[in-house]
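Colleague: Please build the complete structure, drawing on both the sequences and the hints.
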Amino acid sequence: MEKKIQLTVTLVFMAFTGMFLASCYPSDSVSYSDLDVVATIYDESTDFKTFKTYVVPDTIVHLIDTVDDENNVDISRAYDDQILGLVNQNMVNYGYVNEPNPAENHPDVVVTISAMATKNTQVWTWYPYYWGWYWPYYKGTDYWWGYYPPYWGGGTYVTTYTTGTIIMNMLNLEEHGGTITPEVDTINAVWIGTVNGLIGSSTSTNISRIDYTINQAFEQSQYLDIK
Amino acid sequence: MKKILIIALFGLFSSTLFGQAESMWALTYNMSFPMGATKDYISKASFRGIALDGRWFVDNNVTLGGSLGWNVFYEKEDKATISKENLTLNGTQWKYINAVPMYFNAAYYLNEGSYVRPYFAANIGTIYTARRTEMGLYALTDKEWKFAVAPEIGVTIQTYNSINVMFNLRYNYGLETQYIDPLSYLGVNVGILWTY
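Protein chains in written order, with our numbering: chain V, 1 to 227; chain G, 1001 to 1196.
Hints listed in this document are in silico derivations from the structure and should not be mistaken for laboratory results. None of these values were measured; they are calculated from a predicted model. If a hint is listed, it holds; no wrong ones were tucked in.
Which stretches of chain G does chain V cover? Using the computed rule of at least three CB atoms under 8 Å from a CB of chain V, they are:
no., segment
1, 1084 to 1095
2, 1128 to 1139
Over the 10 Å line for every Cβ pair with chain G, so calculated as not near, a few chain V residues:
no., residue
3, 65
4, 88
5, 99
6, 123
Note that the Cβ used here is the ideal one computed from N, Cα and C, for glycine as well.
Modeller: Shown next as structure tokens:
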């Protein structure tokens, strides 16, 4: 009787602890915006306060994978105006002046915007498996008690997801004095801001994610402020 | 005060408990409270932990043995910003520490012959530490073995029907290694105990 109580207590205790040890990497529910990452990097030798004028080309360039065409995904242009507007607004907020006639008056910096989308496929395979043991067992007064874990079959699980990246590239034209020979001159990037995440289908969510991430790229780059 | 009285009565009227035992085994549920650099990384307490202790009596008051445990720390930080040199990242972070302490243990027990035996112990060994930071679709993982020490105080209690209980406080400290800061946390551990 005493041993039965001990066993019962042991099993209850182990079940209790097991509930709390479901995995090495517990997690809560994850939303699309949870997976967005904003990364910015700048050239530490650049004094941004020497810049004054800027221009943002009015087209977002779509980058494609030329090696493996199957990975490419058509990118919607539904958000182009929103992205261009946000970048322009943030540049103005930091004190830059938009150059209305860049063909004649070269701006100090050009902020190019490009985007890419890639389809990713992951395949998970597991094999039939049996633990091969029964545990715990206990010999009572008149019976054997045992527990047999279930048998798991094998299988394959395929998941596909599409990632998108927006790249903002601030190029220094000032150091070339306004005259650039494309075949000769190297135009240096002084700031790069990227936004990366899963591409979702909800328009309202996408709009708010673009708002947050583009603004955040500038927010975390206070050195761009020339006011 | 009432609790103290009950414990004192246990001690006074107790018969032998672990006096004749050669060894004891304890399975404990662990709650862990991060401290120091560990708290800087993950501030939330861990309620996912388990440990198995085996101890052999070398006399009525002293045991030598070992311990194997597992503690999982986890914290989600919404839209955190981190910078290193000229690079800045912003995103929701999922931070994990899986700590597997493996110790040699020496313990000294008070109240020989009592149902309630407080003890103090020293642990020395290693903590296998896996630290993982997930951000967006990316993850950074470091896995290292840390030299570790863990002072401990606790109590063993015999209750009805020989269901024995162990309760202890164990401060775990793993030294700094190449990629992971010192690991520091206080374990509050409670579990059941068998003697043989």
